[in-house]
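Enquirer: So you can see what is in the structure, the chains are spelled out below.
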Amino acid sequence: MLLIECPHCGPRDENEFHYGGQAGIAYPTGEVTDAEWAAYVFLRDNPKGWFRERWFHVHGCRTWFAAERHTVTHEIRTLP
Amino acid sequence: MRFTFDGRELHGEPGDTLAAALLRNGVRVVGHSVDLGRPRGVFSAGSEEPNALVRVGADPMLAATTVELYDGLEAWSLRGKGRVSLDDVDERRCDKGYLHCDVLVVGGGPAGLAAASAAGRAGARVILVDEQPRLGGDLLNSRLLLDGAPALDWVDALDLPGRVLTRTTAVGYYDHNYVVAVERRERGDRLWHLRARRVVLATGAHERSLAFPGNDRPGVMLASAARTYANRYGVRPGSRAVVLACADSGYEAARDLRASGVEVAAIVDPRPEGLEPGTLAGHVVTGTTADTEGVLTGVFVRDLAGRDDRLIEADLLAVAGGWNPAVHLFSQSQGRVTFDGHLQAFVPDVPAQAQRSAGACRGLYGTREAIADGHAAGAEAAALALGTTVAADGFRVPGCDEPALRPPAALWHVESTSPEPAFADLHRDVTVADLARATGAGMRSVEHVKRYTTAGTGADQGKTSGAVVVGVMSALLGAVPGQVGTTTFRPPYTPVPFATLAGRDRGALSDPVRTTAMHDSHVARGAVFEDVGQWKRPRYFPLDGESMEAAVLRECRAARTSVAAMDASTLGKIDIRGADAGEFLDRVYTNMFSTLAVGACRYGLLCRADGMVFDDGTTTRLADDRYLMTTTTGNAAAVLDWLEEWRQTEWPGLDVSFTSVTDHWATVVVAGPRARQVVAAVAPDAVDLAFMRYAPADVLGVPGRVFRISFSGELAYEVNVPWAYGRALWEAVLELGGVPYGTETMHVLRAEKGFAIVGQETDGTVTPHDLGMSWIVSPRKPDFVGKRSYSRPDTARTDRKRLVGLLPDDPAFLVEEGAQLVNAGGPMLGHVTSSYASDVLGRTFALALAREVAPGDRLTAVSGGAAHGVTVVDPVFYDKENARRDGDPLEGAPPPYAGEVRAESPAAAFAARFERAGGQAVTLREVPFEPMWEVRGDDPGVGLRLGPSWWLVTGDATPRPGWVDVSGQRTVLELSGPSAEDVLITGCPLDLHPSVFPGHAQTLLGRTSVVLERREPGRYRVYVRSSFARYLAEWLLDAIDAL
Ligand SMILES: [Zn+2]
Chain A
1 MLLIECPHCG PRDENEFHYG GQAGIAYPTG EVTDAEWAAY VFLRDNPKGW
51 FRERWFHVHG CRTWFAAERH TVTHEIRTLP
Chain B
1 MRFTFDGREL HGEPGDTLAA ALLRNGVRVV GHSVDLGRPR GVFSAGSEEP
51 NALVRVGADP MLAATTVELY DGLEAWSLRG KGRVSLDDVD ERRCDKGYLH
101 CDVLVVGGGP AGLAAASAAG RAGARVILVD EQPRLGGDLL NSRLLLDGAP
151 ALDWVDALDL PGRVLTRTTA VGYYDHNYVV AVERRERGDR LWHLRARRVV
201 LATGAHERSL AFPGNDRPGV MLASAARTYA NRYGVRPGSR AVVLACADSG
251 YEAARDLRAS GVEVAAIVDP RPEGLEPGTL AGHVVTGTTA DTEGVLTGVF
301 VRDLAGRDDR LIEADLLAVA GGWNPAVHLF SQSQGRVTFD GHLQAFVPDV
351 PAQAQRSAGA CRGLYGTREA IADGHAAGAE AAALALGTTV AADGFRVPGC
401 DEPALRPPAA LWHVESTSPE PAFADLHRDV TVADLARATG AGMRSVEHVK
451 RYTTAGTGAD QGKTSGAVVV GVMSALLGAV PGQVGTTTFR PPYTPVPFAT
501 LAGRDRGALS DPVRTTAMHD SHVARGAVFE DVGQWKRPRY FPLDGESMEA
551 AVLRECRAAR TSVAAMDAST LGKIDIRGAD AGEFLDRVYT NMFSTLAVGA
601 CRYGLLCRAD GMVFDDGTTT RLADDRYLMT TTTGNAAAVL DWLEEWRQTE
651 WPGLDVSFTS VTDHWATVVV AGPRARQVVA AVAPDAVDLA FMRYAPADVL
701 GVPGRVFRIS FSGELAYEVN VPWAYGRALW EAVLELGGVP YGTETMHVLR
751 AEKGFAIVGQ ETDGTVTPHD LGMSWIVSPR KPDFVGKRSY SRPDTARTDR
801 KRLVGLLPDD PAFLVEEGAQ LVNAGGPMLG HVTSSYASDV LGRTFALALA
851 REVAPGDRLT AVSGGAAHGV TVVDPVFYDK ENARRDGDPL EGAPPPYAGE
901 VRAESPAAAF AARFERAGGQ AVTLREVPFE PMWEVRGDDP GVGLRLGPSW
951 WLVTGDATPR PGWVDVSGQR TVLELSGPSA EDVLITGCPL DLHPSVFPGH
1001 AQTLLGRTSV VLERREPGRY RVYVRSSFAR YLAEWLLDAI DAL
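Chains A and B are the protein sequences, given in the same order. Just so we're aligned, residue 1 is where the first sequence starts under UniProt numbering, counting upward by one. Just so we're aligned, residue 1 is where the second sequence starts under UniProt numbering, counting upward by one.
Chain B with its partners taken away, still in its complex shape:
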């Protein structure tokens, strides 16, 4: 396999890591350190690597020890840290997935394999994740025989149940056994969200180094890594080695290095006895020498008494400093660790979740004992998850000839007179001298020392340095490591790119976009959109390159002098029904609704308990026991939740229920003195409606609803048709002369009338009285939400900010929204909330909240360093006597609209793409229109149960009284095929296993709420709100494409 390193062409072998391939080519210096710029080489053979950091393609920083070599790989050395290149195009597509299991086993070494096997034999649903490309853990790196055969034969003979994810690193362990793992795939990472009843951690152990002068030179390597390169990759990491064996694993490394042809010049063991003849027992390494490139040439060795001082020529120093159980995930799960004096390491103590550690990650380093422990842990986990008892399963621990291990030397730091720095953290260039400065400055906490020195804050998160830092600190402080403790282990265990976290939720899919039935028309007309919540709303409709200012003036003029039309489908619409509906509304609105006549509309304000305005809108009485509430676009969901909260938690005795019909109805506002001409053609029955009245009416031959409500002061109708006819209605209204206008014009028109907008004039600190709307706060009602707050001293203050109008001195000057209002250098009196140029006023004007001002007062509006004089006026600028609301009389008898009226389903535009995306694995289609109803109260005996006393009935049913027609509220997408579930798990957090999934559920898919129904194995229906249909269609197509 050809690859390049810093532009040099090199050759590696299949199965190599980049680090192995570099060593194979004799590359000793892989990079330079972050702070001191010292040459550094490969130090480890795994994800704990602190030194050999490289850039590979678009990945700015990877450990060369974790990069699998591929033909054509291009790598560059780094100085300790990477930098994202904005020029690199990353073609990879990351994804995510949700999986559930009875037993999750993290780690595919001897203990983890035995655990997974045992849990599977016990009948549990098992997931096994392992970081390496193949299973075996440390068995991959050793020459160990199990039952007299190569250890990997034992691995291959295991029959592993469930899902085995290799190349997958568990990076985070969160509450309630939620484990997040990253699977490395060529086409892009997959972030797995795993939820397990029980977790077995078999994460192994990391070898550690110790601090001695010159311990960072290329050629100084962990002994386990040296052995891994020799055994697994057939690469000699040096030609003449010194092995520093603080732990017995150093002897195994020495033996394996010899077997691969490396000359072992000496084994240095600080303990009094060596395991081999010729061992320099009772000796330590006191320093190193290097060539001009900084690569190791020799090792200074001295006995502990300081007598025998010698330099041994070597190009490899294999350091076996002892082992640290990898307690990272255990600690992340909030488990407590304790210092084991025998092992000289921190080991798991009390777990905090439904979890157990097995094997080397709890200090059981022997292969046989790890296998036995793993098997016991797996069997126990399965029994606890399934509620059974542990049963014998015929499992046999294989025989193996490992010697028993002696305790390691409790040695963290070698004192020496050498001028070379002794490093505790190689990645962060933190030396023993740095740690001494920290403790010398009075720091005692390992957390403080970490922050002061940055030890442990590198990309490796101190995997090889943490124990050394604690050991050195304990020596400096005269304590034992158990007293010093560890720093907090935080996710992620290994670095995770943001692209991996984002997955497919990027670009157009980063946040759902909600669209109305008229969206394609708006796009075709060149509308400029604005985001309102998740909705795309046309802000204005420029003609022939018009500026926004010109377009808005023109649109306003049309609404004030002729007829204009706006897509108001985004307003929240809530069907409220029940015998106590009126009583309920009286309790949540500040004004009365129980006395409203059937067919009448009334404007209302909703306030929170603190008395502050929360939302507004008109509510219409459709029948004695039935109302339709409208809400602002951005607050629709919050209002529905609010109503539900009061009904369920405070007034459960009231007979009232709420159904969102926001997406069921498409709404066109027809406004202007000539609106009657247009309405006469599209909804002739409604043309004579009185102001603030409603009528069900035939609209373009379709059953619709017309309301005579005005937010502009002009004659206006809100015409509603079911979603599928929304576009046809819009096109008809425009064809009949309606000038399309957007939200900006809507804002100007209402401001000219002094109408406040929730969220623009209000900010959660504004009462109805502050808005000058005391008239809407009923003095007669005994109570409503917020009422008691109006007599609190603060809300009753007379010097609160109030809504006022402003006229700038210069009628052409547009005061900036948010500008501060001051009076002759005094304190701030308020701020500008809205500011526009008005066609009908022929000048600019503004609304503001200000205290202690009165019409006629002169103020200064200050913003961005500019100041402009303004005069306070009444906030109603236009038509104070409401003379315009009835418009012009009908001229002649306009003929009914004769154009085509075509129904269009919410995902109609996707039909061809759905067709093309289909294949053997999965197909996607929009289910043809079917009527749907939401049913509250008693079980209708048909349909899908959505919640307590709540059903969705679809298809061929005869609606009964009280059923709410929601046919247009949702559309149904159907996903079928053997890979349907593979698509769904990329965005649905539910467990879809047949033993768990009840057949249908309301849940999340992607970033939207859905009803998910399994019609039969491999065939799912997704009921999605019509406004989210495009988002979900794009999301599903993307998911299928990413399969």
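Just chain A, same shape as in the assembly:
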């Protein structure tokens, strides 16, 4: 059970959150090729090490936020 720091509520148990996958995937605007669109919809990084990802405090303040998690150690650091 990870302990995740919600920017509004402080540290809470992982089961109060929903995972939102990789952070920083922008919604494409304007003309995009099929490949670019498919990359937006389907392709995500899967690094060994630090990973910037989104969390939703679903059972708390219902805020979406981004945090960095180390995928090996599970160390978490919140982002501004």
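Do not rely on the hints blindly, as some may be mistaken.
To be verified - If you only want the chain A side, here are some residues facing chain B, beta carbon under 8 Å, derived:
1. Met1
2. Cys9
3. His18
4. Leu43
5. His74
Stated by the list, open to error - What follows is a set of in silico ranges between Cβ atoms, one per label pair, in the way DEER data are often shown:
6. Pro28/A with Asp874/B: 35 to 41 Å
7. Ala26/A with Gly865/B: 48 to 54 Å
8. Gly999/B with Pro28/A: 42 to 48 Å
9. His70/A with Phe997/B: 28 to 34 Å
10. Leu543/B with Ala26/A: 44 to 50 Å
11. Phe997/B with Pro28/A: 40 to 46 Å
12. Asp763/B with His70/A: 33 to 39 Å
13. His70/A with Ser239/B: 26 to 32 Å
What the hints assert, rightly or not - Listed next, the stretches of chain A that the computed footprint assigns to chain B, with coverage defined by at least 3 CB atoms under 8 Å from CB atoms of chain B:
14. 44-52
15. 59-73
Quick caveat, the hints were computed from the structure, so don't treat them as lab data. This structure is a prediction, so every number in the text was calculated from the model and none was measured. Quick reminder that beta carbons are idealized off the backbone N, C-alpha and C, glycines included.
On the provided structure of chain A, position chain B with the ligand as indicated by the hints.
Expert: Showing chain B with the ligand alone in chain A's frame:
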């Protein structure tokens, strides 16, 4: 104390473990081994026991060394493994609890006690857990003097701070200092979830054996265990002993055995020098002899040069093979271990979490050094947790006369010509020969050898065997143990019953059940329920033992020919408001909503970015800047989350907010040509509503909402009242002639009209076009979620599966849902998604997803080995021209409903039980109705802040524009009394300590979301969604009962 073993009546002493009591009664053979069936006796005195496994009552397998004796205990021997008896009724009630602390100390031996004491002196919140019934660790088992007095005097004089949990084994160490521990209680285990800023591991060390022929006989025992039985329990584990002292602790055992009257025939020490005159130094044990029952009668001893070979008569062989620091929890926390050549053992190296090991679990075996190390660790942990520096606290390490310990013999395995097997893992019956076969087959990894031989996979998880396996492997491979390494240590440290993990979350509480305001009415009418998500929904209402088929046909007929009613309260309802609400809806729905007229309803589809249908429902414009969205029952929470995700992460600039009002409103669908007659009596103002229009209306004298929406093709109204009046409305509608119908009839009616159901016709791979709903995908809007995906090659394919209708050849034959559709032995073309018998069609029919088929095509539906011919037809089976949606005109002027209209709170049915459950320790009540509003945007200056720009205002307030009335959305339960927190910690993961808890929070309680508010010390209010009120009421009553 009387107890029985395999039916034999025996007597033990208070404080005995079952193992001690068995030895006290001279029981040497306690069970037989799992594979070879060899007789086995007590081997250890703790949870590392591999041999003495027993069944006790409903517990199928326990180590006799961990069972505390009680009067009347009944135990049975096992052959290596237990079996759950389904006949045994287990009356125990397990529970769980969440605790938080600055410093968690695991282990109540010298190091752990010193650590807990130091951390407490430094002002930290401390929790100490220890496996034993009383504190002291190895001091309980020894004759050691501290400052010239019995060591336990030192223990008793310590003033220990915080919470001390004895009989509590830390079984798992997870991420972010999350430690799970099992407290053994007579009335049922308690699973503690502990979250600590810092952890001090003081888990001690396990003595190990070594592999020599016949090392498994009853009578062969760890030297520390022999000493424990003699010192702590006053039980002589034998009458004539040989002590194998690979480590100096063997000499201490020999001394203590002598002191308790055991004759020590010989001390065998493989090292060149003995510590006592007469020691057989430079000798090893090469085998054992046994009597007809397999119990030890003699020990073969030989010097290392192979000259002096003798048999020493003995009924006890105490083996001091050396010590292994108990690094299990350290390893579980992802810390790395390293092999210490001096100690001949694996010790903690680099910790991975905010944690430190102290004392014997890091190889500091001396009592004084363990105490000093524990104290330093506790002081350091407190300082790190509190952000202070370590200060002198006047602690003094007591004096003690222990000699310094010499390094143990690096001996894992004794070669011999004896035909007896030499065991590495007693529990799994794994021998040195088995390990040699594994390495001989080419295995080099200890993980492979473990899986090949099963060494270390027993209930003891190889606590006594792990080091032996590694030692033997290193000898076989010509390596040192550090090169072989250890297998991965995984939770749990000791076996944990599933009942303990389940705690109180079993039976009716295993998963929350959500109920509507009408639930008791449904139950009283004999409704048959189905689970939709967590909701209980009536599936049908059988009359006089009707079958489902008959009931559904009757309910359908009522809806098509007269008037019928359904409880639709479970549909998700989301209040959407803000200047950009219309723009937002345009972006998430495939069709337009910004142009919708105020008072109008429109059906919409939500798709994911991949273009696949995610949810559907009608959305109504209540005002210029205000909409009410409805969702499917199962997806309500997911849709709300989805809207929130897009608003917060993609379009933060839009002025729009979302408030769930699902539980605030109770909804009754009144459907059928004669629906107008009923609505005229309950909501006369709404009777003239046009199709797909909405009006706020007085319903039974209560402010309500009426929508003219139809999912059946018939004239239909969705009548909404606040939760408290839901049951009254339902009863009124039925009294006025509405025939109650359930979800099954609802499904049939909509299928006759060819309406798809999300999750039945769709499965995450279906686009609106696939459903034949291209009309709902706006070509005018520049963008909406999913739009770009419709021009992807795969979604634009012309040979995608599409929604079609099917008519079985035999009009009485019901095709199975899920049946595969094939054409003359060709490939599968699709599958049946819905299949029903229709009253109005007078036959069966089905919906399906199939590719490259057209009306008139003949297909075969195949399922379960049966095949049936079907014909493809248009999916709209009934009233293609929508002629029925306006129903019959009003006949006469129905008088307003004259029956009683009573408000009923969500937990009203519990009032008496709440009353009865109350006591000195805690009371529970439902707080009388108070209005509530959710407020977004600017701080209203009152109420509870729930999140950024989000408040809950209750009670005596004057609502301002924009406040959303959620009075019925939640009910408030109040828990008061000195034990209120003891109830809450069994299901709330938050730290409720006044220094941490801000006074209120949105969090989890049991298995549901709540707002928890501390009104004052010992008085808490729990705001729970009304549909979860019954679940939470049952949960709280159960928690109080379990106190
Ligand atoms: Zn939060």
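Enquirer: Taking the hints in turn, state whether each one holds.
Expert: Each hint tested on the structure:
1. The criterion of a C-beta within 8 Å of any C-beta in chain B is met by Met1/A, whose closest approach is roughly 5 Å, and the hint holds.
2. Because the closest C-beta pair between Cys9/A and chain B is about 7 Å apart, less than 8 Å, the hint holds.
3. At about 7 Å, the closest approach between the beta carbon of His18/A and any beta carbon in chain B falls short of 8 Å, and the interface hint on this residue holds.
4. The interface hint given for Leu43/A is violated, since its Cβ lies 12 Å from the closest Cβ of chain B, which is over the 8 Å cut-off.
5. The criterion of a C-beta within 8 Å of any C-beta in chain B is met by His74/A, whose closest approach is roughly 5 Å, and the hint holds.
6. Between Pro28/A and Asp874/B the beta carbon distance is about 38 Å. The supplied range of 35 to 41 Å therefore holds.
7. A C-beta distance of roughly 52 Å is found between Ala26/A and Gly865/B, which places it inside the suggested range of 48 to 54 Å.
8. Distance hint check for Gly999/B and Pro28/A: the Cβ-Cβ separation is about 44 Å, which falls inside the suggested range of 42 to 48 Å.
9. A beta carbon spacing of about 29 Å between His70/A and Phe997/B agrees with the range 28 to 34 Å that was offered as a hint.
10. A hinted range of 44 to 50 Å for the beta carbons of Leu543/B and Ala26/A is inconsistent with their spacing of about 58 Å.
11. At about 44 Å, the CB distance of Phe997/B to Pro28/A agrees with the hint of 40 to 46 Å.
12. At about 36 Å, the beta-carbon gap between Asp763/B and His70/A stays in the expected band of 33 to 39 Å.
13. Taking the beta carbon of each, His70/A and Ser239/B are about 59 Å apart, not inside 26 to 32 Å as hinted.
14. With a threshold of 8 Å between beta carbons, the proposed coverage of the stretch 44-52 of chain A by chain B is violated, since 0 of its residues qualify and at least three are required.
15. Check on the stretch 59-73 of chain A: 7 of its residues sit with their Cβ under 8 Å from a Cβ of chain B, so the three-residue criterion for coverage holds.
When each numbered hint is compared with the structure, violations occur for hints 4, 10, 13 and 14.
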